[in-house]
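Enquirer: Each chain, written out:
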Amino acid sequence: MSGRARRVVVVGNGIAGLTSAHTLREAGFDGELTVVGDEPHPAYSRPALSKALLADRADTAAHHLPPPGHGATELRGVRATGLDTGRRIVTLDDGTELPYDRVVLATGSRARRLSALPGELTVRALDDALLLRERLASRPPVVVVGGGPLGMEIASGCRAAGCAVTLVSQGPPLVDRLGAHLSRVFAAAAREHGVTLVECGSARLEEGAGHTRVVLDDGRVLEAPTLVTAVGDVPNTRWLAGTGLVADSGAVPVDARGLAAPGIAAVGDLAALPAPHGPGRVPLWSSAIEQAKVAARALVRDDEEPPPRLEPYFWTEQFGLSLKAVGRLPRQGAPEYVEGGPGGGPALMRWPHPDGSAAVAALGLRVPVPRLRRMSRAAS
Amino acid sequence: MRIVLDRPRCEGHGLCEEAAPRLMHLDDEGVLVLDREEVGEADAATADAAVRVCPVAALRLV
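Top to bottom, those sequences are chains A and B. The first sequence: position 353 = 353 (UniProt numbering), numbered continuously. The second sequence: position 32 = 32 (UniProt numbering), numbered continuously.
Simulated from the structure, these hints should not be mistaken for laboratory data. It should be emphasised that the depicted structure is a prediction, and the values quoted were computed from it without experimental measurement. Please note: incorrect hints may appear among the correct ones.
To spell it out: a stretch of chain B is covered by chain A in this simulated footprint if at least three of its residues, at any positions, have a beta carbon under 8 Å from a beta carbon of chain A; those stretches are [stated by the list, open to error]:
(1) 13 to 20
(2) 28 to 38
(3) 41 to 51
For each residue, glycine too, the CB sits at the ideal point set by N, CA and C.
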């Protein structure tokens, strides 16, 4: 893409969009900058929604971020409905047409739902978390469907609020994300905190007498006044229909710099990044920030080489345990213990890869990212 | 400008150290140490990046 950018539109006001806008300014873009967000709220920290905001009744500001410093025109509470790459126009649901020279696609993803029933709650946006928090105040019994990190964090928050909690998981909780060893550690912690864990092959929802019911593949039926599902996320890319930018997976494939096409960057949860085993999304906080920085610079400095991509950083907090991990998990088999041991107490673990790198995880220890990265890179 | 740490909020992720290793680091216990609190124009962008990468907004610039 040649020519100096004069008008940039950032579609999405999550951490990916926010970081894109800041980085554009830092990279010298001093033209007209517009940030579009479909929520009425200023940008907030999404990881906090299922952690401190849900678990700590006293903390009503866990999700707050510092005010933006990008000086952009912020359009909040409006949704992008179309992108015309020929005319270079973003269309909004209030009829506005925003012309651009460069555009950042950062509309993230939404909760995948199991039904269209109103009794099915999800936790993806701030309003979802505030609604659930409000519901928990009367301590209703809760059924959580989904044994991934989000479902487990929600279950933990509901227990902290004093609710009886049943968690339905397809196979052992967290096993797909963290492997068998850490799955056992977290499942034990969940049980110790009073959660009833129910494993199943699959689950569907149906309307029962007064409550939405969860029907498991073996015929068991669970009912609760409050039902929350956490069964994955789906990229928000319907507004890009007809652009040719969206893959069959629903994500937007990008190059190493985060560009989907000349002058068009895609960052955060909707972007499929190039990887040795095929393009894939990395829907994590620090990855969104890194993607946004690289892509925003690429939009205004055409010739810059991308820095090497960092290994993903993942963390979770639940049932009194914290986990911080760098590198691709799950890895099969038992880890090496750099500190601690296999009992589920504080431990620093390493799963070596044949090339000398490793996935590294700190359980219940404050081991910062730079140290995890050094251990991840070091040959064993 | 000055970097201010809300210590109870800090969870020791260390993303700030990664963004601004000359301004701050985490010690052996995972406790954040601000090596420089007063930052000039030359380090403003780096300090801002450290503040903004924190997922729990434990840092701010005043």
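Enquirer: Which numbered conditions among the earlier hints are violated in the structure presented, ordered from lowest to highest?
Expert: none
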